[in-house]
Structure formats: structure tokens, C-alpha cells
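K.L.:
Protein chains in written order, with the working numbering: chain E, 1 to 205; chain U, 1001 to 1335.
Hint data in this document are derived by calculation from the structure and do not stem from the laboratory.
Now the in silico label distances, taken between C-beta atoms and shown as ranges: (1) Leu6/E - Lys1202/U: 51 to 59 Å; (2) Glu38/E - Lys1327/U: 40 to 48 Å; (3) Glu1187/U - Ile35/E: 37 to 45 Å; (4) Ala1294/U - Leu97/E: 19 to 27 Å; (5) His20/E - Gly1319/U: 51 to 59 Å.
Yeah, the Cβ is synthetic: ideal placement off N, Cα and C, and Gly gets one too.
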Amino acid sequence: MPSLVLSVKQKTLLSKFFIHLACLLPLVYTYNLAIADELGGDPVESIIHFTGIGAFNLLLLTLCVSPVSKWLKSTVLLNNRRLLGLYAFTYAVFHVLNFLFFEVQFDFSLFINEVFDRPYITIGMVAILILIPLAVTSVNLIRKRMGRKWQSLHNLSYLVVTLAAIHFYWSVKSEIIEPSIYIGLTIIVLALRKRKLSRLIGIQK
Amino acid sequence: MLIKSRRASSISENDVTPENLYHDRRDVLKKLGFLGAGALLSSSKSYAGGLDFFSSKDEGFVTKALQFKQDALAEGEILTPEKKIITHNNFYEFGTQKQQPAELSQSFKVNPWQLSISGEVDNPLTLDYDDLFSMFPLEERIYRLRCVEAWSMVIPWIGFSLQALLKKASPNSKAKYVAFETLYDPEQMPGQKSRRIGGGIKYPYVEGLRLDEAMNPLTLMSVGLYGKTLPPQNGAPIRLVVPWKYGFKSIKSIVGIKLVKRIPKTTWNILAPNEYGFYANVNPEVDHPRWSQASERRIAKGGLFAKNRIATLPFNGYGEEVAHLYKGMNLRKYY
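If we strip away everything but chain U, and leave its shape as in the complex, we get (with noise of 0.2 Å):
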């Protein structure tokens, strides 16, 4: 595979180019015929946001650039600038703020990966770093991100779909649900180690999905945002991201994958299993006990000003692709 590294402190074309221009030129290049040319395009360091003051000792961490089959923009919709989806994270492994995991992060080692796809599969396997970029076919996902604390994004995600992956392992009859798991490294995530850091959630981070939510087409492992690999605030080397539940169902920096018979425990069902369901679906007649649901702000451009509430969609706007997962089900019930 083609990889480009660039020093931290060096700009690229991509840290002056507003991100409406960011899809309009690729789309002229895609006309001239340069097909899958991302690599051409975007390369840039990981955008270190507060760290700015501590550049001469950190370089921040470096990202690359991949290739990959590109996505078109919905209508009518706005991508969240680059710089906000890598410093408002919600990554308790690196703290509880939201500037706070781009700002502890950037030291995060992400090469050599173990990811170990195990349990109830005929073929288990294990993938190292090289695996996640070149096991299958990079393309981009334009998803919408909303998070359970009621704010959203639209992020350009490059990945490939957790069926092939699950596909290739080869998951036997008795497979019923799949269970996700972080990285466990205190030395390298502080919140890990540091209760006041961490936010006094219970570590690894574990996640789950029943075996046709993963199985669905939208399910998607990403290795990358915006053209290149993901910054470790935003989960790198691997994470999940499944559109139409809230965000925290999206587990970030997985090293297992595991095949089970019995519904998986999830961490922040753990934690509070009254405001935190195991379907975590996007739903806008079922509140949180503590706000809304009903309306989300949209995180785009613009500042205090901006008039960025919107309704919140039932399954996040993915209705027609996930709805009959659910068929016959209480989701008041089963949030």
C-alpha cells in the first residue's frame, strides 16, 4: 500500500482548503479521470488543537494518507470541519473533557496492532497493522455522528464494512451477538490509570452489537477520517462506527473481536443501566432521564451563534436501512 508521512509541523493543501472546496475538487479530479486518487489529495498532521503551545517538545502524532473509493456528500448536508471532529472527542481513555484526548493523546502508539477477531468462528484470525489497510478495500462513509449527549457531526469515514471482516473469520451456528474490546494499556491512556482522568468508568471499554447489526451493511470498521488514518483521539489505529446508534455504541482503538453466544456487557450500560441500553438506538421519543432527545445541535461551522438545532431522526436517519432489525420490538423497552 501506498503510505506518505509528513512531519507534523508541515503544512499540506489540505490545511488551507475549506472543507466545501475538499469535495469539489476531488469530484473535478474524479472527472479527469483520476479515480481512487486520494492519496494525491490529503495529507496532514493530526491536528494538535491545544497542543499548540507544546509544539516544540511534541510533534503530535503523525497520520497518513490513504487511498480509497470515495463517497458523495447527501444532499443538503454539511461536513463538519476537520478540525472540530478531531478536538471534541468524547474518549474517557484520554480524558473526560472533550478538547482533552487530542491534547493526551498524540504519543499513542498504534503500530504494531494486534486486532483478534475469536469465539463462536470456524476461522479466528488476528490482524496486524498492515491488515487494517489492506485486507480489504478502502472506501469512504459520509455518516452523521449523534452522540447520546445530544450534539452530531457529519464525518467523511474511510473503512471497510465489519461484515467482510466478520465474513472472512467465518462465524459457526452458536454466534449470536459480537463483543468489541479497547485497548488496555494505562501506560499509554491515562484515564486508564487515573481515576480523575478517566472519568471512573470500568476499563477496557467493552462494546457490542447483535450478530445482524454487525452484519449490516452500514456497520463499518474505520481506519480513517478526512483522507488519511485516524488520529488516535479519534480511536486509531481501528474503531467502529455504527451510524444509527448513539455514539458511544461506536468503540474506538479495538484490539478484540469476539463472537459470543449470550448478549455482551457494554460499558456505559454497566455504569448507569437505567440511562444507557444495550441497542443504544438513535431515537428521538425515548429521553435520556437526564435531557432530550428529541432535537440535536449539529456541529458545523460557526460559533456561538450558530443556529444548529435540528430534529433528530429515528435511527439517526437510517430508517430504511436498519428499521426492520427491529421489527416487533419495544424500543422503549430495549433502548
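For reference, chain E alone in the conformation it holds in the complex (with noise of 0.2 Å):
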């Protein structure tokens, strides 16, 4: 009988595995909708909030990882970590081009006005520009040679969260619920770093 005791190589590998058909599956089923005007009335503004709060998701799972990795003592979980952040780059880029695809259709000056003169959408933009030198130093070669900058420079996930948190809740007509729990569930994953913020902030001081 063959052992069922996996290395950590083989759950890792595994657990990888079901990262990406976690989050490609739901990505490739959702556009196929939209695309064939399936997915309700308007399939723009439906296919901007899937990939909006798809996001949001994929990074705030991202940011538990560390935490909770650290209480399981679980290798395999951190391991994880940065495909799962790649994927709420990814994500955060198709909301970006969904808006400019097929909100505002290539009509770039409209683009960038609406990008300049809106704060919530200012906002978001900032955050996803920060996400792209994290995304660019995930790779392992690159974060090696960064050695202590690497962590320097991907302590600038707190701030997209939280610029994340402000976009979503600033975008909004009336309907505060649901953006308000992304709001505490952005305090909660900061909140677990506690120390770590507070020393970063008095660095700056």
C-alpha cells in the first residue's frame, strides 16, 4: 500500500494545483457569461464587480497567509503565498482593463479623466501601480538579490489593502454594508501586524 503521508514538496505542489483552478475556473466561467450576455442586464458593470471584489479577495487572503502560517507553523501555506498574491494582481489588472475595455472603450481621455477628477478611482489606480514592482519582485532570483529591500518593499502591500478598502467604500451609491466589512476585514489583517506597523510608522517619524 502506498503511503498517503505527502511531503512538503507534494502538498505544496498540490495545494497549488487547487490555487489555480480556484481561481482561474471562476475567471474563465464568469467572462464566458459576460461575453455571451449572460451574466444579467449589463454584463460590464457585473464583470467590473467580479473582478473588483475578486481582488480585494485574493488580498486579503494573501495578507492572512504570514499570520496564520506563523500560528499553524504550516511551511506549505507560506508557500503559497505568492502565487495567491499574483493571482489578486492579477485580478486587480482585469478590473483595470475591464474599465477601460468596456466601461469607457478605448475612449482613453475619457480614461484619464475619469481616473484624475474621480478620488475613488484615483485611488484605485494608485493602489494597482504599487501592486506592479511587487508582482515584478516576486520572482525568487529577483527577491534573493533585493535580500533585505525585498521585505521593505512588500511592507507597501498594507497600504494597497487599505487603499483598496477606501476605493471600494468611496465607489459605492448608499449601500455602506458590504464595503464597510471589507473595511474591518482590512483592520483585522492589519491589526495582525500590529507591532510590525507600528514600528514601521515610527521608522517614518
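Dock chain one against chain two, each of which comes alone in its own frame, and use the hints as you go.
P.N.:
This is the structure we're talking about:
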């Protein structure tokens, strides 16, 4: 009988496989519906909300990885952090591209006006721009070369999640309960790093 | 009046008729001499959309065919498909997400109904459910609807002019404004019961017009769309349609119309006065503080890749009929 005990490497591979499935399948499925005009009355609004909320969920999950794996003493979990973070970035990029492609439909002057004139869009855009260097430097080789600077750079993810929470809250007309829940979740993931954050802010003072 | 009922599950001709044929076909009949034959042509369930999952439990709201005088579609315009009109709704009484009203309103009771016209009038009156369909001859009005969220539709409404109704009540000389009120019934409207579902606006929903706006021939009291009575998600049994103003002015499921002396309170203005004014005329020059109003996406057929962004017109393209109402007014101030 083959042993059911998996090595850390095997467990990591297996969990990565499931993360790929869990992140890619809904994306492909939802885009298919939207393209076929099966995603509600306005597929554009639906797909923008889907990718925006998806990016936020994945970002929060990514930020849960290190505290939870410390608590569980799990290497496997920590090995998945980068993949989750990259999917958060992917969803966020789709979110912006949806706005450019399907909402303003390549009207670049409208796109730029909206980004600069509307504070909630400005904030969302800043969050995504910050995510770009984080995604690029997630490659292992670069990470090693950066040494301690890598962690300082990636501490910016705390700023990104805060901006995302404000962006969501500011974008709604009156239905503030859902964005308020996300603000709460953001405060929780930040509170898990209370000491680190107060040290970071202390340094800046 | 002639009312044909169908079970929600029964498929009708209309379910298999594309929107472009809907009008062509009626034109043919009109030419054959079947004027006012609307009742022969259309009767179907209100589309249940996401409710399909529950269709074994819930038959869905049953709409009824109406008799009415037909309107013609303007050159170059395409009707928004019925399915989209009845599944993409802002009606927070039944949930803030666009698909929610179609899902959460199917057991809404519209009969019996009472609509009262009161206040500064010589002849206050109350219409019951049948009066809504029989007191005035019904006519179709194909109007553009522009939502403040920068999307729009083209909708074949059926109804009668508010002017006709108000004349019947005969407003007195003190009447300067018209105040409207939606039904308040938290047992039937989950959004009024739960802040989570209803988005935290103040209920009952209230709206208002200046008397001359209310008396404009374009201003419609709608009791139907696409040849049938309104489904609840679109404001059954009776709603206002003011096509040159943002959609939130067109209050749904109305129980009270009151002629008043002073400018009435309006729901979105109470919530965010800097974002939603009393007038709320469609105006590409005056942006919402959080998004541009210069253009809009016209919801018609087509999925994600539909090229549907078009320029927004002043007064939603009805300037010829209504611009004179606002002569000399600073529309940036009175947005």
C-alpha cells in the first residue's frame, strides 16, 4: 500500500494546483458568461464588480497567509503566498482593463479624466500601480538579490489593502454595508501586524 | 377591460419573438386593420431570471396583456430586450444589486391597490387597481431611460399622461409642486425591513416634480411595458416615467400623489444633496461628483464586447419638448 503521507514539496504542489483551479475557473467561467451576454442585464457592470471583489478577496487572503502559517507552523501555506498574491494582482489588472476596454471602451481621454477627476478611481489606480513592482519582484531570483530591501518593498501591500478598502467604500452610492465589512477585514489583517506596523510608522516619524 | 392571464411557466409567442420582429409584426397587423390589437399579441410571464433555480417553488409574478394605442420606434433606435429591462433594476426596496429586484419581488401583491391624489386639489380622488388600467385610454410611449449611473435603455412603456390624471383632480391655485410616494410595506419589501438589503436609503421612497414638469405631455404614469402590465421589479402596478430626468426621479409602485405649495423632499437628495439634486435633468455638462455624465452605455443586445458607449444628450434628447421649462435657470446650480 502506498504511503498517504505527502512530503512538503508534494503538499505544496497539490495546494498550488488547487489555487490555480480556484482562481482560474471562476475567471474563465464568468468571462464566458459576460461575453455571451448571460451575466445579467449589464455584463460590463457585473464583470467589473466580479474582478474588483475577487482582487480584494485574494489580497486579504494573501495577507492572512503569513500570520496563519506562523500560528500553524505551516511551510506549505507560506509556500503558496506568492501565488495568491499574483492572482490578486491578476484580478486587479483585469479589473482595470475591464474599465478601459468595456466601460469607457478605449476612449483614452475619458479614461484619463476619470482616473484623475474621481478620487475613488485615483486611489484604486494608485493601489494597482503599487502592485506592479510587487508582482515583478516576486520572482525568486530577484527576491534573493534584493535581500532585506525586498521585505521593505513588500510592506507596501499594507498600503495597497488600505487604498482598496477606501476605493470600495467611496465607489458605492448608498449601500455601505458590504464595503464596511471589507474595511473591518482590512483592519483585522493590519491588526495582526500591529507591532510591525507601529514600528514602520515609528521609523517614518 | 380585457385581461388575459397566463401561468408563469407557459411559453407564449412573445417569448420566441426577437425584439425587432415585435414591432415589425405589429406594423403588419396594424396595416391589416387590427388597430389596438396589442392584447392579441403579447402575454407572457414576467421573466424570472435568476429565479429559474426556484421555479418549482415560485411560479413568478404573472403579468397580463394590455390594450393600448401603439407608438413608433424612433429612427435609429433599438429597443432594449425585455429580458434586460426586467432583470436590471434599481429598486432598492427589493435589493441594491441589479438582479435582486427580479429575484426578491415575485410574490409582491399589486391587487388590491390604492393610489390617492390629494393635497391642493379641488377633487381629491383614489384609484383602485382596476381604475389604473381603465380610467384613461392606455397608450404606448417608447422612451429613452437614462440612469444617473451612466447607463441607458430604450423602453416601450404603456400608460397615460400624468397631466390627464392631475386634471381630473383639478389642482387649485396654491398647488406648485407634486409629491410622490412609494408603498411602505416592509413585510413585502425586504429592502425596507433590512438595511443590508435596502442600501440604507430612507423609506418610503419619495420624489417630486414642479407642477409644470408634471403637466408636461411627456410625463407618463406607466402601468405596463412590452405590451403587458408591469412586473414588480419595474414598479408595478403604477410608476412615474420622466424621460428627460435621471431614472431615480421615475418613482415606482406609487400609492400617493400630493399637490403641495413648497418644494417636496426627494429620497436621493436627502441622502446626498451634493450628488443628487431636485431637478436631476439629464445634463452631459454637469458631472456627478464621482463619475462623468458626458456619455453613457446604451444597454441593448450584446455581451461584453458590445460597442455601446454613446454621447449623452441634454434633457436626454427631449430638449425640444422640455427645455423651455428651465429658461433662464442656471442648470449647474439647479442640477
